[in-house]
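Chemist: Read top to bottom, the protein sequences are chains A, B, C and D. So the first sequence is numbered by my numbering: it starts at 1 and just counts up by one. So the second sequence is numbered by my numbering: it starts at 1 and just counts up by one. So the third sequence is numbered by my numbering: it starts at 1 and just counts up by one. So the fourth sequence is numbered by my numbering: it starts at 1 and just counts up by one.
No lab work stands behind these hints: they were computed from the structure. Bear in mind the structure is a predicted one, so any value in this text is a computation, not a measurement. Check before you lean on any hint, since a few could be wrong.
Stated by the list, open to error - Heads up, simulated PhoX-like pairs for lysine-lysine below, C-alpha to C-alpha not over 25 Å straight-line:
1. A/19 - D/410
2. D/379 - D/359
3. D/359 - B/4
4. D/199 - D/379
5. D/466 - B/4
6. B/105 - C/52
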Amino acid sequence: MAELNPPPWEPRIVAFVCKWCTYAGADLAGTVRLRYPANVRIVKLPCSGRIDCFFIVKALEQGADAVLVSGCHPGDCHYSDGNYHARRRFRLFRRLLEFLGVDLRRVQFACVSAAEGMKWADLVSDLADEVRQLGPYREYHQMCAGDGTGDERDREATHA
Amino acid sequence: MRVKISKASLQSGFLVDVEEMSGEHVWSCYQCGNCSAGCPLAFAMELLPNQIIRLLHLGQEEEVFRANTIWLCTSCLTCKTRCPRGVDLSRINESIRHLALRRGKAPDRFGPDQIEPGVAASAPPQGLASAFRKFGG
Amino acid sequence: MEYLYYPGCTLVDTARNFDRCGRAAARALDVELVEMPDWTCCGTTFPLTNRKIVGLVAPVRTLVNARGEGYEELLTLCSFCYNVLKRANYAVRNRGDERMRINAYLEDEFVRAGQEYDEYEGEVEVVHLLEVLRDTVGFESVTAQVTRPLTNLKVAPYYGCLLLRPQSEIGLDDADEPTVLEDLLGALGCDVIDFPHRVECCGSYLGLSSPDIALQNSYEIVHTASRLGADVLAVVCPLCAYNLDLRQEEMHQRFSGFRQVPVMYFTELLALALEVEEEVYSWERHAVDPLPVLQTVGGI
Amino acid sequence: MARIGLFVCRCGRNIAGTVDVAEVAGILAEHPGVVHAEEYTYMCSDPGQLKVAQTIADQHLTGVVVAACSPQLHERTFRIACEKGGLNPYMCEMANIREHCSWVHPEEPATTEKAIELTRVAVEKVKHSRPLTPIRIPVNRRVLVIGAGIAGIQVALDAARGGYDVVLVEREAYVGGHMAQLSATFPEMERSRFLLRPKLAQLLSHDNVWLLTNSEVVELTGFVGNFKATIKTRPSTDAEAGLDLADEVFPRGVERQRQESTVEVEVGAVVPAIGYDVYPLESIPEYGSGSIPNVLTSLQFEQLLRTSEGGELRRPSDGAVPREVVFIQCVRSRDREHGMPYCSRICCMYTAKQAMLYKQRVPDGQAYVFYIDIRAQGKDDEEFIRRAAEQYGVLYLRGRVSRIFPQDGKVVVWGADTLSGMNVEIPADAVVLALAMTPAHGALDVARLLGVGADDHGFLTEAHPKLRPVETSTAGIFLAGACQAPRDIGSCVAHASGAASKVLELFSARHLEREPEIAHIDEGICAGCFDCREVCPSRAIEVKEIRDRRGELLDTVATVNDGLCQGCGLCVATCRSGAADLEGYTDSQLFSQIEALSSRWTSTTSAEKPGGGHGG
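For reference, chain A alone in the conformation it holds in the complex:
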């Protein structure tokens, strides 16, 4: 029997979220039965401040096509300033990723509160669409293996 054409490729997105705000926002999206694509896998953390940059790198290394980091809005953090530290840390980390040639469109940061179920659903579907256009993230493995093809690097060079 002819091989069933394999299902169209779907991006794999790992989301690191804080349990007080974004995780509860995702719960709310469920309670009100919103619909959004099933590309995202949530990893729960106590606060966005707990999200170590290595988690993001590890997720990309394990084949994630994009990583989403989401915590509380400024001022809402249950630990009062956890998300401030996180934001400063990620701003520096983004410049490092950019320097390393990681496609920044594949690492996104957001704030979703416990009351913003709709925002979470929209955030996930927009991100899934965007990454679907970008296609699978093979460049990361090529970079790790050191045989990155020119185009990625050149574009970075001209761009920097």
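Got chain A sorted already, so can you dock chains B, C and D onto it with the hints?
Modeler: Chains B, C and D alone, transformed into the frame defined by chain A:
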């Protein structure tokens, strides 16, 4: 246009007359619309039954007399049966009809002269007598 | 059993068949309707304003005369008479000021006519034939005496409004959920239709004073009955009969897709089921002839 | 080697409707470390929980994973079940395959695939979990109540009568809040001050209660059982002494504070009872923004009624007796276009009260009420409104008022009466606006200060509207009165007693147990850079000196005070040497979860062992 309302216009006596003649408490109506909803003749009425009561609340005599509503009430008592505040609109409408007739505000009275011969032959006397009584005053 | 019977103006005029079938059917159930001598108008409409005491004169005079005949009950067939007499009786029994004023009025009239008069306090009980059939004769015994059951004759029962309302003063049956007509028709073997418009107003006297408006009401009722497959529409009041039967020709012209339905008094159906002999029915009084459907379906 | 039991819940059709539960259990049954996998209709049911405890005993499980709803709902339930089965509760994890999966994705293979992956993540996490025991901490049996309106008073009284100390902080110079400004209450029509007086007397004489007026909480640190509050008291100005409020609302015996002072108190629980405010008339242009004389706010009219008891009611502008008074409802309430979509709940009732009180003062006066819907759901409320309409002749006009403007000495009101279908104009002598109830000014600052949520209007957010209406998501902080949502006095008192009962419940425990998911620092690795102390929001990082036997200082390292640590994990992410870690969210747990999401799993069949995976 805008209707001016004041204490004077509210206590114009019209409502008091209607309450006295009908024995009904017009103020206990809280405008739920049940009477209008069930009235079999509402479709042909220029003002709904509940609006007649409303205009009594606001002392708007002329508006009440101008409308055909009180002349289409057949006293079928659907409204009284279902009114949550126990208001009997049939008695209120009859009182207003009497006031209209007395104050010369009634449209042309319905009398024997308005019956065509063909109808008179087949019409039940009960129908004629009740029509004359209701609209003759 | 004997009842003092008050026919009313219409039952000796355009609705004579309603009256004759009633008397004959009652007699068949050995209920004798003794017509009240020199009865006068019942007042047709009950006075709804406080001060119009003169509106009570006609009904209360009839009640006083009925008391004079020595009967405890006064039986009526037409729902207008039943309503006015019953409400007048209720007023006398329950509203002291009206009792006092109407008695003073009648006393003056009787004394001037050389008759003595003692105060009327509502001693007479106003009853309707339907009540008597239900509570005294009993529908089971009606069924037992039915010789020609009207099986598979689809009948839509129609009460109109004054037979039942106001419930607090009439009390014949529940104003919104009556069953007495259904039960009677069932006792006669009819296939009784669950008729939603059975207590909707037929247009009443507006049929005469504003005919084109009232046509909408009567059409609504007949059209619903015909859509529900009714062979016959059973009524209790000659004015309902007028609005629902005599105006079906106008309905036919004005509304497309309208199937006519014969309208019959419940006493006609009662008489047919009891096989009362022929000359009480005057089918020619019906605008829509019931005979065709009675012969094919009703087995008459 | 891990012996993990997996329980996949169908949740009736909530999960089974779009996720192939059998396949989730089937695939994961083969996962390394999983020794038991089954599905069940309702895991949170008693039989479901019993199944967990039973399986732990029968199979000697070292870890449990329940793939079901959100852990926010039943993590506690299943951890207790594990404890009953003899397994340390922290060796139990939940996979959220309902709110995050079955409820939001259609019935397609991708949904079941996601459920499998989320469950695999939980299994991998449990492999790296460690048994933990809750931390016991002392409880400070004193409660801080913010706001001395009727709600705050009730909490303070209940707690004081419960035998605990109360610190009652009130921003104004007087106590009694808005209730002290009212004339009478609905539907009983009792004088508000008379109702307040007994409660105030008990409060001001109760030696468990320390009342601080003219004071505000400026800082709050710590956590349940161990809060530290800094309270600033401002000098009471002479003007306040002259306030026309009768002295019964002035705390006798509290000497007037001359200069500003600050005090710190240690409390175990905090109850904000900061009440409400009224929408500012100044920002309502269509009603004159306060510039039209004889247009009064409901509170201003309340004061007029209170000061005219038994006498003549005269309007403030010219002292005349108003013969025609128009009350306008829903002023900025139920007004989405002005960001105020909610109903303020009590105005229909107090306006009827005000109209009746007005008619008592001015018998030949006429009161009108413009309304959209009369909302009178409390006990005897409907009858109360009917009395206003029928006995007192208050004319209820169904419709909003579009504009009011002054015209030859009158306030002309343009409204509609939709019942009669007429536009109406009333030249009134006075207009009373039932202004919307807003949170007290500064409510958002209080929310931020206490670390509790607030909705976008500023009403403080309860933990759960139905299940936990007086608690907040922060342990030890409870809500009382209108600060949570508009409500009337009766409901404020009930709500406040609810909050007080939570305080008493908290204080009645011998000691307090805290989740053990807190940070710890490996002294062997810690280089003593103390970056962690810079970021710690709970100031839980302390300096520890390591000395040799002779007391020579060898090293200084960071250590965590497990009484203060809130478990945010900032120190762990900041620590460059990896000395810090967070129980429940350790690096190894998180890395194992990320690897569980590796694409290698999905591309290979479950049977084939992943190369180089971090096995159990």
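Chemist: For each hint, tell me whether it holds in the structure or not.
Modeler: Taking the hints in turn, this is what the structure says about them:
{"no.": "1", "hint": "A/19 - D/410", "result": "violated, 59 Å"}
{"no.": "2", "hint": "D/379 - D/359", "result": "holds, 23 Å"}
{"no.": "3", "hint": "D/359 - B/4", "result": "holds, 22 Å"}
{"no.": "4", "hint": "D/199 - D/379", "result": "holds, 23 Å"}
{"no.": "5", "hint": "D/466 - B/4", "result": "violated, 48 Å"}
{"no.": "6", "hint": "B/105 - C/52", "result": "holds, 20 Å"}
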